[in-house]
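> The chain contents come next:
2 protein chains.
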Amino acid sequence: MVSRPTFDDVCAAHDRIRPVVHRTPVMTCATLDEMAGHRLFFKCEQLQRVGAFKFRGASNVVLGLTDDEASRGVCTHSSGNHAQALARAARERGIPAWIVMPTSAPAVKRAAVEGYGATIVDCVPTLEARESTAAEVLDQTGALFVHPYDDDRIIAGQATAAKELIEDVPDLDVVMAPIGGGGLMSGSCISTAAMLPEAILFGAEPEGADDAARSLASGKLIPQTSPDTICDGLLTSLSERTWSILRDHLTAIVTVGDDAVRAAQQLLLERAKLWVEPSSATVLAAVLKETSAVPQGSRIGLILSGGNAEMPRA
Amino acid sequence: MVSRPTFDDVCAAHDRIRPVVHRTPVMTCATLDEMAGHRLFFKCEQLQRVGAFKFRGASNVVLGLTDDEASRGVCTHSSGNHAQALARAARERGIPAWIVMPTSAPAVKRAAVEGYGATIVDCVPTLEARESTAAEVLDQTGALFVHPYDDDRIIAGQATAAKELIEDVPDLDVVMAPIGGGGLMSGSCISTAAMLPEAILFGAEPEGADDAARSLASGKLIPQTSPDTICDGLLTSLSERTWSILRDHLTAIVTVGDDAVRAAQQLLLERAKLWVEPSSATVLAAVLKETSAVPQGSRIGLILSGGNAEMPRA
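Chains A and B, in that order, are what the protein sequence lines are.
Just so you know, the working numbering puts 213 at position 213 of the first sequence, and the rest follows in order with no gaps.
Whatever position you read off the second sequence (first residue = 1), add 1000 for the working numbering.
Some chain B residues flagged as far from chain A (calculated, every beta-carbon gap over 12 Å):
{"no.": "1", "residue": "Ala1107"}
{"no.": "2", "residue": "Ala1129"}
{"no.": "3", "residue": "Ser1226"}
{"no.": "4", "residue": "Glu1240"}
{"no.": "5", "residue": "Arg1247"}
{"no.": "6", "residue": "Ser1298"}
Some, not all, of what chain A presents toward chain B, calculated at C-beta under 10 Å:
{"no.": "7", "residue": "Thr28"}
{"no.": "8", "residue": "Cys29"}
{"no.": "9", "residue": "Thr31"}
{"no.": "10", "residue": "Arg271"}
{"no.": "11", "residue": "Lys273"}
{"no.": "12", "residue": "Leu274"}
{"no.": "13", "residue": "Trp275"}
No lab work stands behind these hints, which were simulated from the structure alone.
Keep in mind the model is a prediction, meaning the values are calculated, not measured.
Using N, Cα and C, we set each Cβ at its ideal position, and we do this for glycine too.
This is chain A alone, in the form it adopts within the complex (with noise of 0.2 Å):
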């Protein structure tokens, strides 16, 4: 049995980030209301600082170290938005942080990581280089590991984005989130059940990348293998602490294909002026799919995961 974090985890992590955290908006729009025949609140993590939600799990662990912990710096292997608010974190509270990331990684990843201040580690472009050389680093420095969600600390941080939109908005009767790792979405089921106890919780996976969707169906973790999905932040699987709080609390998963996301975040662009990245946009992809899932006119929370998707010209 895995551990998991409390509601009162949540309540401690928000009150440790709360000081660097941005709270961001909730926005809602009629147009997109209309088309999906429900009252939809959009929770912005995009605007999120680092673009996304993952800077409220890593400013949890990096504040909650203690001096003698924090001196030693952080290390995690990741190429997305994980490592980007990982060393953000790490620069806000002065302590070195090592990203190991594969060489394949795009030069504006690279580059958005050296601009916080840490040391990127090449490795080659597997699972195994990406965990033997962050073992190499944390031999050589005594950094601490921190992973992008099988962590509780991490889950904790993540949490408090649908602990905001609840205060917000207290009277929802879904809350939804996308799903990679399972950690924004099994937070987002910790903060529901503790202050919604009826809302219903619902899941948004890309069709390419649905080890969530067949988890649940079957009712054992299955893990991911070859995912083919543009969302490129929902690519890894469920961990067995994930998948043990998401099991418990989910109602339903929701699958999309690729041209749906495609299609919900330029909508979210046009019509509510809200660029996200197309792991963020499953959410709408999701709720225009399945209308009906829900009563007609249900009050319905989405988060926005992140907006750190490959930037049109303006």
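Start from chain A and add chain B according to the hints.
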């Protein structure tokens, strides 16, 4: 001597429109702060309903009509955000709206206005044709003409954006807005002078439509002829009404070239995940051009006016 709205009018407008407008968020971005050497607070009116601050003024007019006045409907000539705003405000009250629009207006703008249930009245694309066609509509329908900015009720409505900004960030040193016809800027002057009498007021204007800057430099109203800029929301000339307010309150107007506007628009998207139209980006371009016009570390409120630009393909 033309009339001008008082801050009491602004407060009354705010009470009137509060149920129908979004209280838009104020966002910050540490990276842009570093670039500017100041603390920047972006009032996100691109996230306002219809995608622009114009919905504030239009709603103030429409909601302020008596039932008898309202039953006759409203009319304007515009192909821009004011047309959409007036159409939508009219629909909310359930009254007719006639929008005189040149046949050259983009199909997407016509579709937006029609989508809000207004009647489009075609005219040839000259100011004379717009005005004569509007006069015919007024004559035939008895509708009330609603000017996009030369109207105390419109200015009082637009002034509520700066009022909310200052309520949220009560210790600003500078308030800044783009200048087209001057409705948003003159409203911002009235709210700021009443709420933060020590604050400095700056305008931002494109070099290719710099009638306000030339007017301020010469001390008398100089109309805009043949504007040439990508800032399609800022092509119009000041009126005596808006000019008289700007003249009394503005410290300076910073003019910016279209290249600087494009760069600022891209920065807002890439670094702050905020998608705005070029007219809005003038304020950031101005701050980045004139970083030393105010002491380093000044707290600057910038009103992002709208987000209705041609959309990049996500």
